[in-house]
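Take the given structure of chain A and dock chain B to it, following the hints.
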Amino acid sequence: MRRLWNLYLRPRTVPEALRAIHEAPQPAAFIAGGTDLLLDIETGRHPRPHTLVDVTDVDELQALEVRGDRLFVGAAVPVARVAASPLVRTHAQALAEACALIAGPQVRNLATLGGNVAHALPAADGTIALVALDAQAEVASPRGRRRVPLETLFLGPGRSALGHDELLVGFYLPLARPGQASAFRRVMRPQGVALPILNAAVWLRREGDRVADVGIAMGPSGPVPRRLRATEAALRGHALTPERVAAAKEALLREARFRTSKFRASETYRRLLAGVLLEEALQTAWARAGTA
Amino acid sequence: MTSSPEFREITLTVNGREHRVRIAPGETLAYLLRERLGLTGTKIGCEEAECGACTVEVDGEPVVSCIFPAEKAHGRHVLTIEGLARDENGHLVLHPLQQAFVEHGAVQCGFCIPGQIMTAHALLRHNPEPSREDIRHALKDTLCRCGGYPSIESAIQAAARALREGTPVPRPEIPPSIRAGRVVGRPRPRPDAVDKVTGRAIFTDDLKFPGMLYARVLRAEVPHGILRGLDVSQARQMPGVHAVLTAEDLPAARTHGLIVSDWPILVGVGERIRYVGDALAIVAADTPDRAEEALAAIRVDIEELPPLTDPVQALQPDAPRLHEGGNLLKHIKVRKGDVEAGFAQADVVLEHTFHTPIYEHAFLEPECSIAVPQPDGSMYVYVGSQIPYADRRQVAAALGLPEEKVRIVGQHMGGGFGGKEDIAGQIHAALLAQATGRPVKLLFSRRESMMVHPKRHATQIRVRIGAKKDGRLVAVQTELYGDTGAYASLGEKVMTRATTHSAGPYEVPHVKADCYAVYTNNPPAGAFRGFGVTQSAFAIESMMDMLAHALGMDPVEIRRKNALREGSVTSTGQVLREGVGLLECIEKVEAEMRRLSDGQDPFRPRRVPGKPHLVRAWGFAVAFKNTGLGGGAPDQSTVEVELLPEGVLEVRTSAAELGQGLVAVLQLIAAEETGLGPDRVRVLVMDTGRTPDGGPTTASRQTAVTGNAARLAAQGLLKAVQAWASEYYDCPPEAVAFRGDALVAGDRTVALPHLVQAMRDAGLEPRTRFTYHAPETRPLGQPGDMHFAFSFAAQAAEVEVNTRTGEVRVLRVISANDVGMAVNPLGLKGQIEGGVAMGIGTALTERFIVENGRVVTDRLARYRIPSIVHMPEEVHPIVVEHPARGGPYGAKGVGEIVSIPTAPAITNAIYHAVGVRVDRLPVDQEVLLLALTTR
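So the sequence lines, in the order shown, correspond to chains A and B. 1 is the number of the first residue of the first sequence in the working numbering; add one for each residue after it. 293 is the number of the first residue of the second sequence in the working numbering; add one for each residue after it.
These are calculated hints, taken from the structure and not from any lab test. There is no bait here: all hints are sound.
Here's a subset of chain A near chain B, in silico, CB distances under 10 Å, partners left out:
1) ASN6
2) GLN106
3) VAL187
4) TYR269
5) GLU279
Which residues of chain B face chain A? A partial, calculated answer using Cβ under 7 Å:
6) ASP433
7) ASP581
8) ARG1139
Heads up, the beta-carbon is just placed ideally off N, CA and C, and yes, glycines get one too.
So here's chain A without its partners, still in its complex pose (with noise of 0.2 Å):
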């Protein structure tokens, strides 16, 4: 392999981190599990960095926790340990699954939430999954810390709007009261690039025959993901009869903005698998919610 870096630092607390990425000779990336990071450095599509900053020894980062009604997932925990555990299976199924999907276990066990979220593909399952739950993101930078709403983190395709000084350090759930439950489910093909034709990711609360409310994400289903607000108005506050699917199938494909990806899937086969994958991931939820 190529040498991709120059200087490697292993920071143990968030201010350290901060400070070596700006300290640090330049330019310098922070990095997780780089499973993404050093194959698009190798290939060009990220600049060789001459630092790369290592923060999966940040113990903060590293947390997985409950802190009041919340679920924190540290953005350095990788995808295995979300996958597995209890409490995000208990609080965020649709999370869990999505992390269980994501590559092999020799990749899970490096690859972070935080590194699936930073990356900014359209289609990440982990962050398809943080955008139905509703989750924030708490960012730290010299500037001090921020909570955001997971869907600002966004600016384009493979494109952040964290800052280059900008820290992830995880992520906030709500936790699952009763009559709540989530599911995540994704179409892949079995040929060329191993990323999701299309991936869903539906929570909900319901109450009786009723959903009382509901989050949905899909991706790829625009350059940035995010959760699809008509197609859960057309469900929301309603009973789920075959009618209000159809009707929010409808809504879906007016909502979101499929497009053909060269080699992997049309705009129309995409068109196709969303109202398959929202049905099939709004009854998944809806069944777990009524055992919640």
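Relative to chain A, chain B alone:
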């Protein structure tokens, strides 16, 4: 470079031992293990976290070490394949996983095995009783191109049980051959398996030589053009760069090629660039990085020309001529009877055109060559090659040396599948070694491997078929276009095989086949397991199902009715006298398929209860494939056997071991014939300095041809020993025999070392050499036998189609293969599993994309070979043994036949499930869904 101030020291524990290591910036854990600690059991297959070959445990968790920064390993505990086995008083004690991989035949080429075992080791750490699903989930991204996934699965389960219960590893139950001898025909782990499960097996990239330089090749990266200028002056001045060579520096031959020498070693200024992989300059430097930097400093001026990207276009009269003789490499014709008269008799005539794409071998070990100049002026080349003697000839021609001055020293090969027959880096490494006087290693990157070496021909095949109402075939006409890419490679031979097999394994009175093998600006196409028959079998087997449908016949019945049998005449006019097990293959697969279908019609769609959008059905296909070169080519192999003073019988031949198991076959044959125990037999292959020419490892020929040579050489040695010993020990010759590890002469038992010494003292070398000539064959178009044997196969595949998404899963495969005789049933099982795996790739996962002559699928992340998750729940192997007259014990080839019927069996099953005919490989789930929704 070692004085660089950027070096830093880290401490880590590897396999229980603490190491303080100085590492360079940018170094990965895989590099640290392999280069700094010499732990070369950890393999690098892709350097992109795709293949899993580099898997090691860090603090008990499996990770891919190829993208794991070495700095990150500081303070950690690393476990590699070398850390699993224990040494007990000088005895190697394998870990149960290693033992199970050996016993269950899970080891073939062995390159992926360290990664498989380490991934499985980590799984068992957390889950001592894994289900099949657990294993598949864990091994999802640990790829095995030999495709022995079912054996890997059963090995892991066996090891888990042994670990849980503290008992020995349970052995698999594999029936012996119906013609088993004392050792041949009985399952036995391959002799190199232990080295491959412990990480001790050396592949070329694991070797290092003092003063070794690293080479890189400047590729054209342009599919078609004229090289107008090449300025290497700056690169030559760079520190650490020892040589930069261009076409001007070539000392002798300017081209290479297995049959036609049309492939430039280096394209010169003013010459034509014919594909993206053409070499323009080669560099040797102190480090791979330096070599890479030197490439970047070379200035290139190319006049780009529009590329010819498909064979039909390339045959247009106004198309530019890529080669002096034009763009048509060969027009291949098969004529039997009068095809129009045949169609006139037909009750039904169907016509359809099929397409198959380029396929990539994706052997997990990328090409690597190390050339080492010798003090006497000769050149050694260390390489894993399928045809060592062809390498020797071509390297010698390029260096301007007599052939005897070049020695090809074959190494373990991490798969070949036909993709390591042509020259890759052998000549370039040798030229640089000659220029610098130092050893030079040339290791291809995965991208380079995928771009440069010849692929499977993309084809367009039109089939016209005529039959009577009762299903009897009366005429088949085929027209094939084969994209042979930039250079000839083995294109003519491959497309000849495609053509002669294009009417299927059927007796057809009237056949007309025309094939055009055409040059284009795509990567060259050459040998790939199946050798053209993969493509034509897809076309004809799809057509046979369409015909059955048109006639309202059962798909098995129509095949049975037309199947080749003893006395049949093939399309090329060959009378099949014996060894035609096709009907038995058909019957056995049919019986098993009907048994699994519980009395229902296997070809009727069945919806999964509770999930009506999932529809299942079976599909059926048959195939045949020649054993041996055929077509009039002399087909011979030489084997030398020698009793060595250490009491070992060494079997020497340059036949190649690429994972298929030839070394086990030769070991068993030599043991059988001499009476020695197999553990007394050592097989040495692929070294032109020590092993005589075994011919190319292609055309499924080695078990038959080199197997015979080994059999006869061993017989010769036994006779020589008997003659000498009967006199020396004064007993009748028939009282002299080898028993296990000794010679018995009358009532005396003589240890082998004593025997060797005694014979040598008498001035005799206990050594014989035998050259076996396969039965003569005739060229296409001449009467007589085009091939001396054929293998036959039938397969049934059950698929499940998701009618909501178009996704296809293969649930079960039944594979019957007439291999003449199963010399090593354990190895045969691996070949069958691997053939099915590769066929699943052909049908479902693999698609090599070249766009305007540029390779899009230039990484394993873009070209997906089947993973364990693509494997059916069951691969049911059935061995059929209709002996071939000429084969050893009746054995014929198996390497290719096992993979050929899988793709059409799958696409036929899809048709039976949902009524959509796939006429273009691979199956595209999107096309399938659109077909389902628009009708």
